[in-house]
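Starting from the two chains in their separate frames, assemble the complex, guided by the hints.
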Amino acid sequence: MFQGMNFAPAQLPPELARVREEVRDFLNQEKDWVPNSDFNAGACPDFSKRFAAKGWIGMTWPKAYGGGERSFLERYVVTEELLAAGAPVGCHWIADRQSGPLLLRFGTEAQKAQFLPEIAAGNHFYSIGMSEPDTGSDLASIRTSAVAVEGGWKLNGSKIWTSNAHLNHYLVALVRTSPPSEQRHAGMSQFIVPLQAEGVTIRGIENLAGEQDFNQIFFDDVFIPDDHVVGEPGNGWAQVMSELAYERSGPERFLSAFRVLVEFGKSIAPNPTEAQTRLYGQMVAHLVVLRRMSISIASLLEAGEMPDNEAALIKDLGNNYERWVPEMIRLQQPDEVSEGFAQALNDCVLHAPSFTLRGGTREILRGMIARGLGLR
Amino acid sequence: MNEQQQLMASVTRRILSDHCSTELLDQAEQGQYPEALWTLLEEQGLTTLGGFEALGGGGGDFCDVLVVLREAGRYALPLPLAETLLGVSVLSALGVALSDGPLVMASGQFSLDADQRLVGRGARIRFGRDAKTLLVVAERDDQTVLCPVLASQVEIEPGVNLAGEPSDAVVIDQKIETSNQIVLSGEGLQAIEMRGAAMRSVMMAGALEEALSLTVGYALERSQFGKPIAKFQAVQQQLAVFATQVAASTRAAETLMVTQPLNLMDVAIAKARIGEAAGLSAEIAHQVHGAIGYTKDHRLNHLTRRLWSWRDEFGHEGYWQEHLGRELLADTKTELWQQITAMG
Ligand SMILES: Cc1cc2nc3c(=O)[nH]c(=O)nc-3n(C[C@H](O)[C@H](O)[C@H](O)COP(=O)(O)OP(=O)(O)OC[C@H]3O[C@@H](n4cnc5c(N)ncnc54)[C@H](O)[C@@H]3O)c2cc1C
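These protein sequence lines map, in sequence, to chains A and B.
Mind the numbering: the first sequence is residues 1 to 376 in the numbering used here, read in order.
Mind the numbering: the second sequence is residues 1 to 344 in the numbering used here, read in order.
Next comes chain B alone, as it looks inside the complex (with noise of 0.2 Å):
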């Protein structure tokens, strides 16, 4: 990471670090909405970071995105940041000035028909109803469109992840002018998938580093047998088995922070292996922290239930290294160890 990434990710820690409370987490989770961080993350120029600065952008590039998701993952941040950041990528990219944050996608069953009118319904939109616009991909005749629709004209059915964050279907019925019906290109639906694909890698990895620590830190507070568990081999033996899984996720996740322009094949191998981490790690952590870990209470959960709705989001680990693995089978003419040394 350059020293312009490394400040991004100290400012935006000590904000998250002085905001995202366990106590703000609960109270997410159970509905309020936290409006004014969303406002100082605002501020910050946060939410629209990457973005081009000619079309509302708050300027940098995608690798300083993913520095900053990799903080809001760590802190568990309870708010539509990477799927706004999403949108603005998107937006940017298209060319088309920057509609009002917080920004989801919304994809699933839509279509346009010939009167223009935007028809359907998409399922297990994250932070659906907390969206100011909604960015609808939809099917018009042979083409992929994508439609800035005002989040208050939807109909919204509330559903939550496993983390308890918004997981909503919304539901759409309105005439779209065709100047909000924005093509979309092949290339363009998967560099959706992919990004997506790559700021989960990197909240993961957040994540998992945060939940290392604190299962470090409980270890040598706990006390059982006269000692900290910390003194127990077995114990140690299970958290070096859990650094080594956060190293290798920690590596996979700041290739893509250091590589401009993104890859499908890293953001592959960093979906890929990170999910797999997660669920390994999770396991190690709850079985270090006991029954209190096991708790809505305590903040462990937070980051473990991130970790397991992460690790399905924009493809599970199956379906990446699926995708891997294709890619690398059908180029029967390059050696895989060519291949290999050929992604650096």
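If we strip away everything but chain A, and leave its shape as in the complex, we get (with noise of 0.2 Å):
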């Protein structure tokens, strides 16, 4: 019908309900975490490294870089149970989901055979460069910038919101590499930058919730050689772009709230009340749905497609599920709740504004799923 709708019944094959329990049994001994569903709530390097050693980050990944030859399913499979399970994943997610994904599609032989093994092995750990201080939803304006010098490139400017730049090793980050034309994405490069170079600073962030998840980087002629760069140079918004499937259509897009509607439902279990039922039965439908969607966007990856409008379509379904929990919850909950529940429900709350801006704002999506409909 419309471009980017495409969300055709898709079944986890029966086999993984093998890795299902690997997974949960893998979580229930190393359980020592206050569960949180929120992909961003919880960073610990040594969870993510023994994580890594069951062979479960860069699953998909070819052998020959460290990776598992798995399935886009599986790989879903495990993902969901990190989240389900609140566990603390986001020192390797992001290098899992998407930069990884990235070096393998554009980077060179010698990238692929020096980076990825690492990230498989849960060594080292990425961020995201897009964001800086005047750019936001309209990527194409970044300023940060480098020039070509000898063996390389020196890189100036500064990048903000970076989550975890503080714990990780890499950032990829997205730079002008010739100066603004008419052609408003050409000219762009993505850069591997070992947050350690000399020259580069990072200063903490406090989000509102009174935790240092996210920063703000600087640059200061800082030197990139050319095996550093990401692809062909003048590339990168083509590259950027092609994250974005990966980037917006998996679990951590409709599980943020989980924990939530978990502590909700053992409040109530003894002795709900009509109305109580009937919200639980409500966010469970739709949460049902959401993840069959999302499962449908896993087999498209992996058929080899690149569903970014699909993706971008529930993204925005799965942000506003996860900003409309709470608030129908904290209406519905028992006079007297559990310590765990008060506070996964004021999490929740404190963090809900991050749900609709991260990885695309609510607004930026509905563009896109406008432009699928041919309305733009």
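Derived from the structure by calculation, the hints contain no laboratory data.
Examples of chain A residues lying across from chain B (beta carbon under 8 Å, computed):
no.: 1; residue: PHE7
no.: 2; residue: GLN11
no.: 3; residue: LEU12
no.: 4; residue: ARG20
no.: 5; residue: VAL262
no.: 6; residue: ILE268
no.: 7; residue: GLU274
no.: 8; residue: ALA285
no.: 9; residue: MET293
no.: 10; residue: LEU313
no.: 11; residue: GLU363
no.: 12; residue: ILE369
no.: 13; residue: GLY374
Which chain A residues stay away from chain B? Per the calculated CB distances, all over 10 Å, these:
no.: 14; residue: ASP32
no.: 15; residue: GLN196
no.: 16; residue: GLU206
no.: 17; residue: TYR246
Idealized CB from N, CA, C, for every residue including glycine.
Have a look at this one:
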């Protein structure tokens, strides 16, 4: 019918039940965290390292680069189990989800051999360097720029809102490598920036919940060797766009509030009112459909497609769900609730504003959906 | 959907797009039963779909029925096709030869007394007046029985639903042969409700897809302030929300079209989720259409009024949400996440 609305039913093959059980067993043994299903909420390098040892980072990549050559659907199962358990996934999440696949698609042989095995082993964590102080939704307006020098590039400028840059090893930064021209999307490149490199300064920014999870990064004459340029210089825009389907379609786009739902269910189960029962059923109905849509996209990815518009659509639907869940539960919660419930709900209310911003705002996503409808 | 289902969908679509004009819909609403179109559907075998061939059915399974009914929803087909196919599936499941269609299920306050007289009244029987055979659900002692009754022998008090579809009261007082009293189990009764809700779900999904097409088309056509209203960001954002609702509805509906046998949880999810989408989407469809969409002449109302009716029929969202919530909460041994992943 319209572009970007292909959510043909897809089933998780029954044999994936095994990997699901393995992940559950692993998580049950590991569990020493306060569960939070927001992928941005917890980051623990040691956890990510042990997780990687199970072969669950880079699991779709070729074995030659440390991957597992497993399917996207299998990866889907692993990632959703992590989120449902509220595990601290923040360290490896971005590298596994998009930096690795980006390098796999556009990187040179040497880059793949150098960087991917370290990601898959849980040794190296990555951040996304897109936003800047004057650049948010209008990504093509970036000003961070690099000029060619002997053997590489000299980088100057600043990135902002960079999640976990203070914990991670690398940043994949979108930068200008030629001055802006009539063609807005030309002249950009992607660099792999070692965050410990000389001239890189990372300054933490406190979010409204009082945590430091994002940062501003300053580049002051940072030397980037040629072999740290991803793909072709000048091809940055096309490359960054190719990350979007991975970035937007996964279960992290609708599971952020999941622990609140779990706590709510536990608290009402002994003696639910009709209104509570209905709300619970309503929230689960939404969740099951979102999950099925996300699995449909995972199978498109498995088939080698790039479902950017579908990804935008499910992210918008999922993010709105994540924002709606705590609001509704707030009004139907029992008079007496457990510590765990109160904390999950408060956490979710405080972080909810970020759900519809990070990874592309609600308005930008709807603009993409509208384009798929042929309206623009 | 498999290839055969796709073929069936496209055949149905071709027939309905040729025949379900706005004119025909208007005439049907004014009481002119589109007999010729029914005959055409009969000739194509669509009115006995999902019934065992040995019992006079057209073969195929309930998934096929749902595939066809999504198209019926898309074109706002003003005929008792869903009602008939529900009857076909019920009779077939009972191993009873199909009666002449159109078939319409009739439940309400019906009982069979010791003299085998079926007495009572049922309200809001969709297409009651157009049925050839009514399948009456009646209480007999502590059992529930199904009695096929010739519609010509009952009294009809005409009414309509929000969509202007016949929604009649049926009054019956007549003797029924014991051979025409078929015992229904509790499961059998639940299966009727479940299938009915599945049918309305996919019909809503079809109507929603069509309403989105109509609305996008209109936004591109209609100009104000010197440009198509589709170019206003406020309108684009509304239509994007509409699209998300339609995509979710389609996904929920298609689960039913590929799952054999149908199960109650999937149906509860679909009816609750699509019913919710129906209200939200109809609101946006009308907002974007402006005043013209608020007229009886415009095709949109044939879709939106059906959406408003169908979301209430066979259990509204609240009913199914509650069903779902109750089932999930009752099983305290299984964690929510396990319940969700078990649903697939
Ligand atoms: C928790 C969190 C983590 C993040 N992590 C990262 C990260 O790791 N790396 C990274 O690069 N970025 C990150 N971001 C930044 C994120 O990508 C941006 O917030 C987002 O792209 C929006 O940019 P902005 O905040 O500058 O808002 P703006 O683009 O200034 O937008 C402000 C408002 O205006 C609206 N708006 C803007 N343009 C339009 C338009 N054309 N039409 C309609 N409305 C419009 C927006 O929708 C929004 O509502 C993170 C953000 C958050 C909140």
